[in-house]
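Participant: So the protein sequences, as listed, match chains S and U.
Throughout the first sequence, residue numbering follows this note's numbering, covering 1 to 347 in sequence.
Throughout the second sequence, residue numbering follows this note's numbering, covering 1 to 243 in sequence.
Bear in mind the hints are in silico, worked out from the structure with no lab data behind them.
Using N, Cα and C, we set each Cβ at its ideal position, and we do this for glycine too.
It cannot be assumed that every hint is accurate.
What the hints assert, rightly or not - Listed next, the stretches of chain S that the computed footprint assigns to chain U, with coverage defined by at least 3 CB atoms under 8 angstroms from CB atoms of chain U:
hint: 1; region: 184–193
hint: 2; region: 206–214
To be verified - Take a look, some chain U residues computed to stay more than 12 angstroms from chain S by CB distance:
hint: 3; residue: G14
hint: 4; residue: T43
hint: 5; residue: R54
hint: 6; residue: T59
hint: 7; residue: A66
hint: 8; residue: D73
hint: 9; residue: N98
hint: 10; residue: A122
hint: 11; residue: G204
hint: 12; residue: F205
hint: 13; residue: R218
hint: 14; residue: V221
What the hints assert, rightly or not - Quick partial rundown of chain S residues pointing at chain U, CB under 8 angstroms, derived from the structure:
hint: 15; residue: D198
hint: 16; residue: D199
hint: 17; residue: R202
hint: 18; residue: A203
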Amino acid sequence: MTDGAGARRWDRAGIGLLLLAALAFPLVFTNAAITTYAIFTLMWVAIASAWNILSGFSGYVSLGHAAFYGIGGYALALMAESWHLTTGGYATFAYIPLAGFIAAVFALPIGWIALRTRKHSFVVITIAFIFLLQLLAFNLQGITAGSTGLPLPTPPWTGAFFNVPFYYATLVLAVAAVGVAAWVRRSKFGLGLLAIRDDEDRALGFGVPTGVYKLAAFVLSAFFIGMAGALDGYFSSYVYPQFAFNPQTDITMAAMSFFGGLGSVAGPIVGAVVLEPVQQLLSVNYADLALVVFGLVLLAVIVFLPAGVVPTLSAWARQRAARSAPTGETGAPAEALAPIRGVGESS
Amino acid sequence: MSMLEVEGVSKRFGGIQALQGCSLSVEHGSVTGLIGPNGSGKTTLFNVVTGYARPDAGTVRFEGTAIDNLPPDRILALGIGRTFQMVRIFPRLTVLENMHVPVRRQGLAGVLSGASTHEERARVLDLLRFVGLERLKNEPAGNLSFGQRRLLEIACVLMAGPRVILLDEPGGGVNPTMLRAIAGHIRELNGQGITFFVVEHNMGFVMELCHRVIVMHRGSVIAQGDPEAVRRDPAVLEAYLGE
Ligand SMILES: Nc1ncnc2c1ncn2[C@@H]1O[C@H](COP(=O)(O)OP(=O)(O)O)[C@@H](O)[C@H]1O
Ligand SMILES: [Mg+2]
Chain S
1 MTDGAGARRW DRAGIGLLLL AALAFPLVFT NAAITTYAIF TLMWVAIASA
51 WNILSGFSGY VSLGHAAFYG IGGYALALMA ESWHLTTGGY ATFAYIPLAG
101 FIAAVFALPI GWIALRTRKH SFVVITIAFI FLLQLLAFNL QGITAGSTGL
151 PLPTPPWTGA FFNVPFYYAT LVLAVAAVGV AAWVRRSKFG LGLLAIRDDE
201 DRALGFGVPT GVYKLAAFVL SAFFIGMAGA LDGYFSSYVY PQFAFNPQTD
251 ITMAAMSFFG GLGSVAGPIV GAVVLEPVQQ LLSVNYADLA LVVFGLVLLA
301 VIVFLPAGVV PTLSAWARQR AARSAPTGET GAPAEALAPI RGVGESS
Chain U
1 MSMLEVEGVS KRFGGIQALQ GCSLSVEHGS VTGLIGPNGS GKTTLFNVVT
51 GYARPDAGTV RFEGTAIDNL PPDRILALGI GRTFQMVRIF PRLTVLENMH
101 VPVRRQGLAG VLSGASTHEE RARVLDLLRF VGLERLKNEP AGNLSFGQRR
151 LLEIACVLMA GPRVILLDEP GGGVNPTMLR AIAGHIRELN GQGITFFVVE
201 HNMGFVMELC HRVIVMHRGS VIAQGDPEAV RRDPAVLEAY LGE
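Same shape as in the complex, but just chain S:
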């Protein structure tokens, strides 16, 4: 049984251990280079998990959600400017949900327009949006200062400790994004999104409010990605159009989810944890090769493990369990199907 109480207890124990390890991490590893890796890895766990709520669950692949990353960063910069927050501190973190909220408010009309179309055209429209917003960030000089960029509050911390508040803030964001993704996956709302992925018209015919669900998932993804953008902006103290509204951010969040497994809660986490350090290492040591190697790894995954790493491994584990326990009621595919196929069913 995949939903057995025993399996759930193991899951819970595993999650508890992971959380403990994440909480202790900066106490064990004080080196700033290492905690910086950790911060970006957690940031990508949050982004990929949030992206997965829309694109993994509903099948509407957005290559434009980096727009909300940018909006989040600029929102925090503009709040800081108009409220004269030049030096940051712990209180600055409190503005991050507000920046996410502003990104979500933008997501409402953008999602409403983009979701007029079905899956393939949707991808194209979202790509158009990221370029449109980058263009606006470059050209609305009065608001964004164009290519000069905007400053954010300067964090007051120094030395090796500088990273620690950011580490914990990012951990909170990652846990929240994963938690919300897990909760959506188990909810009636999430079931509706998965039904949309498989057969949208049939889902509609069964009474699933597909339009509302898709828009809600779009906005929810944007909210978390907007917060990630604001947090990254605060961490780097500056936002620029080409980095805030970066199409490569879109490719990365999609790639991580595809790598780990689209539509599963653990998939984007695995994707971010495996690929972000790889990407960082490569870009430090072999700057030119980084994108090439990253692309090849991805190609290999898409060709050899099209379902992603997590679903492939769990299917493999289930098969092994079925083979080693041929008599028990494991609910494994091969043996569960056998008796009914035995009635003489074709195909």
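Using the hints, position chain U with the ligands against chain S.
Facilitator: The following block gives chain U with the ligands in isolation, referenced to the frame of chain S:
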């Protein structure tokens, strides 16, 4: 008053007149068969009745109320369920998850809470037991055989609590054993008061199960009556032989 009344319905796809002034009715509590050569408009008629296609002309009434122009989910909510000729299930959802999709919830709290409540799950398991798919409940529906998918699709439609179910070729791609099982389920459900309107090519199935048979040809009804009389009708023989 009949349960379902189709009156003068026409539907055109480009140069093809799929339905041409089609009129028929389905009685409460009956199992009514709909036969006719390929391309005679049976599936199109089902699409019009269930809101998946809009008629160019004519009306469809369900228990006296006009339903042409209503969307599919409203028509299902009124009590008309259907299956598809090519079977439409959600292949990457498990059998259990498939069964929960047609269950409606009211309000934000209902939508945001778990995908399956105790009562819902009890009903799902009852129905899965009824169609014999309980052991496969955690299996992705895409792993089922074609016949099992047909059973799952019927069980899913039953979750919506319909009073009439339109089955589009339930025997298509299904072996004789499975078809007998499906016929048994239809008979049992009909005994519980659910009306059936069934398109099927297997004549043994139609003769055995249907109280009344309607024959379509080129988008119109050319014959109707009890199964034996329809089988001997020269117009029906000609329609089939003419193809
Ligand atoms: N969506 C559609 N677009 C174009 N032609 C269609 C469409 N649906 C059905 N048709 C045509 O309408 C006619 C009736 O088809 P259909 O209702 O599927 O017949 P049946 O179910 O009796 O085999 C056929 O000629 C078919 O090709
Ligand atoms: Mg047909």
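Participant: Work down the list of hints and note, for each, if the structure agrees.
Facilitator: Hint by hint, here is what the structure shows:
1. 184–193: holds (count 7)
2. 206–214: n = 3 at 8 angstroms, threshold three: holds.
3. G14: holds, 21 angstroms
4. T43: It holds; U/T43 is separated from chain S by about 15 angstroms at its closest Cβ, greater than 12 angstroms.
5. R54: Non-interface label stands for U/R54: nearest chain S Cβ at 14 angstroms, farther than 12 angstroms.
6. T59: holds, 21 angstroms
7. A66: At roughly 19 angstroms from the nearest Cβ of chain S, U/A66 sits farther out than 12 angstroms, so the non-interface label holds.
8. D73: violated, 4 angstroms
9. N98: Since the minimum Cβ distance to chain S is about 8 angstroms, U/N98 lies within 12 angstroms and the statement is violated.
10. A122: Non-interface label stands for U/A122: nearest chain S Cβ at 16 angstroms, farther than 12 angstroms.
11. G204: Check passes; 17 angstroms lies beyond 12 angstroms.
12. F205: holds, 17 angstroms
13. R218: The claim holds: U/R218 sits with its nearest Cβ about 28 angstroms from chain S, beyond 12 angstroms.
14. V221: holds, 26 angstroms
15. D198: holds, 4 angstroms
16. D199: OK, holds: S/D199 within 8 angstroms of chain U, min 6 angstroms.
17. R202: holds, 5 angstroms
18. A203: Result: holds, 6 angstroms to nearest chain U Cβ.
Going down the numbered hints, you'll see the structure goes against 8, 9, while the others check out.
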